[in-house]
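Work out the full structure: start from the sequences and follow the hints.
First to last, the sequence lines map onto chains A and B. Start counting the first sequence at 1; every next residue gets the next number (my numbering). Start counting the second sequence at 1; every next residue gets the next number (my numbering).
Calculated from the structure, these hints are not laboratory results. Among the hints, a few may not be true.
Unchecked claim - Here are the computed lysine-lysine pairs in the DSSO-like style, where the Cα-Cα straight-line distance is at most 30 Å:
(1) 356(B) to 400(A)
(2) 132(B) to 87(B)
(3) 322(A) to 400(B)
(4) 455(B) to 455(A)
(5) 436(B) to 322(A)
Stated by the list, open to error - Some chain A residues close to chain B (C-beta under 7 Å, calculated; not the full set):
(6) 44
(7) 47
(8) 347
(9) 348
(10) 352
(11) 396
(12) 452
(13) 456
(14) 459
(15) 460
(16) 465
(17) 472
(18) 490
(19) 491
We treat Cβ as the ideally placed atom computed from N, Cα and C, and that holds for glycine.
There are 2 protein chains.
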Amino acid sequence: MSQTESALKVIPLGGLHEIGKNTLVFEYEDEILLYDAGLSFPTEGMHGVNIVLPDTTYLRENRDKIKGMVVTHGHEDHIGGIAFHLKQVDIPVIYGPRLALALLRGKLQEAGVEDRTELRTVAPRDFIRIGKHFLVEFIRNTHSMADSFTVAIHTPKGIIIQTGDFKFDHTPVDGEKFDIQRLAEYGEKGVLCLISDSTNSEVPGFTPSEGSVFPNLDRVFSQAKARLMVTTFASSVHRVNMILQLAEKHGRSVAILGRSMLNVIAHARTLGYIRCKDSTIIPLNSIHKLPDHKVLILMTGSQGEPMAALTRISRQEHRQVKIKDSDTVVFSANPIPGNTISVVNVIDRLMMQGAKVIYGKAHGIHVSGHGCQEDQKWMIALTKPKFFLPVHGEHRMLVKHSQTAQSMGVPAENMVIIENGDIVELTEDSIRKHGKVPSGIELIDTSRSGIVTSKVLEERQQIAGDGAVTIVSTVTEEGKLFAKPEMHLRGVVSSVDRGALQTRIQESIAIVLNERWTEFARK
Amino acid sequence: MSQTESALKVIPLGGLHEIGKNTLVFEYEDEILLYDAGLSFPTEGMHGVNIVLPDTTYLRENRDKIKGMVVTHGHEDHIGGIAFHLKQVDIPVIYGPRLALALLRGKLQEAGVEDRTELRTVAPRDFIRIGKHFLVEFIRNTHSMADSFTVAIHTPKGIIIQTGDFKFDHTPVDGEKFDIQRLAEYGEKGVLCLISDSTNSEVPGFTPSEGSVFPNLDRVFSQAKARLMVTTFASSVHRVNMILQLAEKHGRSVAILGRSMLNVIAHARTLGYIRCKDSTIIPLNSIHKLPDHKVLILMTGSQGEPMAALTRISRQEHRQVKIKDSDTVVFSANPIPGNTISVVNVIDRLMMQGAKVIYGKAHGIHVSGHGCQEDQKWMIALTKPKFFLPVHGEHRMLVKHSQTAQSMGVPAENMVIIENGDIVELTEDSIRKHGKVPSGIELIDTSRSGIVTSKVLEERQQIAGDGAVTIVSTVTEEGKLFAKPEMHLRGVVSSVDRGALQTRIQESIAIVLNERWTEFARK
Ligand SMILES: [Zn+2]
Ligand SMILES: [Zn+2]
Ligand SMILES: [Zn+2]
Ligand SMILES: [Zn+2]
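Here's what the structure looks like:
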């Protein structure tokens, strides 16, 4: 089918029907351009799994086609998978923003795959060529992470705008504005397809500017009489910067807790995305030398993650930090669905130890990094795409986003709702789903450096619910019990006691052996 | 301490710092009055647990004091624990509303403990005496379950108002209004302590009337062109009644799916709380005889419970019901926090099979059964209590509720924030926490009819994360391996294959045996 041969293929290996592990393949004839490669985190029931990655069969089978990769920003759901993929396939070159590549470099070093690729930093409006067929322009956008991009991909079939993660923030805290002129220019020139962020497609209205958080946090800080503890996403670089600035304004020194918080701040400071005096940041063990109202502890744990700093503090398991009843704890982040219970449990534990806890939407101390329905309309209005492909969201979000596009006049037949693994074929005048590539998930147990297959998961689920019984019985050649059977129970509930259980098992084994022996003798 | 001797003790065994397993003890001298006894459901990590109950050590140790029990309404978090408790202690008599006792009788029969107590039905404004010291009046209230009560407990120290679960619904769908005149009368007479429902204490404003759902569901029903599937809480009797009435209005026959839905509807119809024509309800296997626009399937699964009807349908695991793309599925319930992920997964799966799914707050097809801040203020305003005890909520909800009471002039020192097991002592002019009773939880694995101890849970958690390895090696008296060691893996991840693993284990065992033997020989 010659039309298929010459179509541009867009294949999501992750990021659809979920938020996480965004991984997109652009393929034209013998060339593949990769766009972001994230990871996601296990859901309930994925016992012993730390990391979820997309199935990479398709990449492995087409390894020779891979000409290069672009990354849009440094969030885990966009760069967290790359180190794993580099163990399996070669990616000759990866282009991306400075901050994302700084974070990525650390990950590659840790995984020992730094030499498997070349990282090249891009600046706004840079054009880079990948293979014969792809020309990519990086367009500055606004998002919760600093140094984030939307990309325009020039292909033989036309121009694709991939929004990356975005909101329209006209008063960004770092002054780096969304390059909407460039988007408008592409809209004027003609965009074949808009591939757009669907995270908040169910939410009406606009997402407020990150700057709107400032006066509210300022108020909260000024009301705190003693120690301040603040948690937010480590990767929300603008927010972290704001917290450090407010600390300086209120004369507080800042101790930083949590590996990812320390890591992001170190890179973001080196590159100038976070600005604060060296003296503002103090080691944790010197907070005791300052009066409480001069101290702020900035930490991970805004999502109630079991091992994060604030969670451990709330459980009174943190060696150096104990809650005092004069403490004010500020959650400058909303729980993402699925984390709500963990977060409110942390809040309750902190309150029970006497802390004043500031949380919830009413305080205006958090805004999303993703645009809502009106932002999504602006994106469509500026780029005027012929075809529309909603991504970065769960199924109903994609559907809602497509309805928003239809309300603006994009015909329903000019868009497709896809799943991971679907092959989308684009030509100058058509969009369609055509076939699938393998698109399951790989569950990584990093403590065992292995893949948790669905069979392993099923077994873990089963033994988790029932426990495990091991019985060892030594049998003589004559089919008699040689010694008392040994019994070992783990996680087993029984209404009879151990001794009685042992006796019953012994009896059962004796009966079985007896029957077997009789049967065997009969033959 | 003579003051303690003559104080009224209020001891919550459950229902604080949580929503669920509400279980309250009123104790005066040698008498105990029990108030409700619920269960709750396991949280993540409670592997193989179906039911969570409060620790009943205190009841067992004081079994002779128990004079009777009152129950306020038929929700699981208020009556679900009684059958379990009756296996351990005697409760001479249980007073409660008709519907709650009908549901309770079924549970007691199932557990084979029907003869351990006597169930006595009460009507609004009934006074019942329990022991020498307690006189209880049942005051009709409004809630999501029909036939629900607030109680006034006359004690030697004064009158306690226990609100039960409530909202103020001035247009209740069954016409049974909240007896606010009686509340006001108690307020005039003098209330020692108000013990009040804190579920929605973080939510500003009023909870809308259950009746406000009607026009919105009516609109949704009238827009459905083919089959309608509707899910809600089985125990939301008013909602279920409304759905059946609307089915009749729109000329649809109703098939009912799910054990709890069938059970509640059967009891509620017998007692007249649900009214519909016999012909409206049809067996599931006759829906195929009707055109799709004449069919409504009412089912469980509004919370994405793994085994509920709608969840299994969404997984295409239901034998009799498959989704068609003309189906409209209506969620007339909001996910309670912690169930959000399960619910949206069900929604996504239904949408992916082509169903139109109506969910979310924007449609006005669900309202809470619990009052918000303004309702809570009305309760305090009507009863004018001297002391205030917020219950039925997680810690921060109790704190918020106490702040609401303070904003109305109840002094902060006239209220206490308590945990399960705290002993509250009330006298004519004081409220205080004084001591504790055992207040842990009992985790029940009903499939094993046993209690899941924390040790068992810890073991289950561990084997769930790591899997289980069993190695059996037979050793001769000379300390030599007699045969190849047997290896058995369940849920184990390994980077080497089975054969290699076997070889390595064999080598390791040989080394260990060798060393041991040498050591043994040396002694
Ligand atoms: Zn993202
Ligand atoms: Zn992002
Ligand atoms: Zn209730
Ligand atoms: Zn309740």
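Would the stated hint for residue 347(A) survive a check requiring a Cβ distance to chain B of less than 7 Å? holds, 6 Å
Assess, step by step, whether the Cα of residue 455(B) is no farther than 30 Å from the Cα of residue 455(A), and give holds or violated. holds, 26 Å
Does residue 400(A) lie within 30 Å of residue 356(B) when you go C-alpha to C-alpha? The hint holds at about 12 Å.
Hinted contact residue 396(A) with chain B - closest CB pair below 7 Å: Holds. Min distance 6 Å.
Taking 7 Å as the limit, does the beta-carbon of residue 472(A) come near enough to a beta-carbon in chain B? Constraint on residue 472(A) satisfied, holds at 5 Å.
Take the shortest C-beta to C-beta distance between residue 348(A) and chain B; is it under 7 Å? Constraint on residue 348(A) satisfied, holds at 4 Å.
Per-residue hint verdict: residue 490(A), partner chain B, C-beta under 7 Å: The hint holds - residue 490(A) has a Cβ within 7 Å of chain B, the shortest such distance being about 5 Å.
Pair hint outcome, residue 322(A) versus residue 400(B) [Cα-Cα no greater than 30 Å]: holds, 24 Å
Hint validation: residue 47(A) versus chain B, beta carbon distance must be below 7 Å. Holds or violated? holds, 4 Å
So, as I understand it, the hint says residue 456(A) touches chain B; can you test that by seeing if any CB pair is closer than 7 Å? holds, 5 Å
Regarding the hint that residue 491(A) lies at the interface with chain B, is the smallest CB-CB distance below 7 Å? holds, 4 Å
Quick check on residue 460(A) please, does its C-beta sit within 7 Å of some C-beta on chain B? Where the cut-off is 7 Å and the nearest Cβ of chain B is about 4 Å from residue 460(A), the hint holds.
Checked against the numbered hints given earlier, the structure satisfies every one of them.
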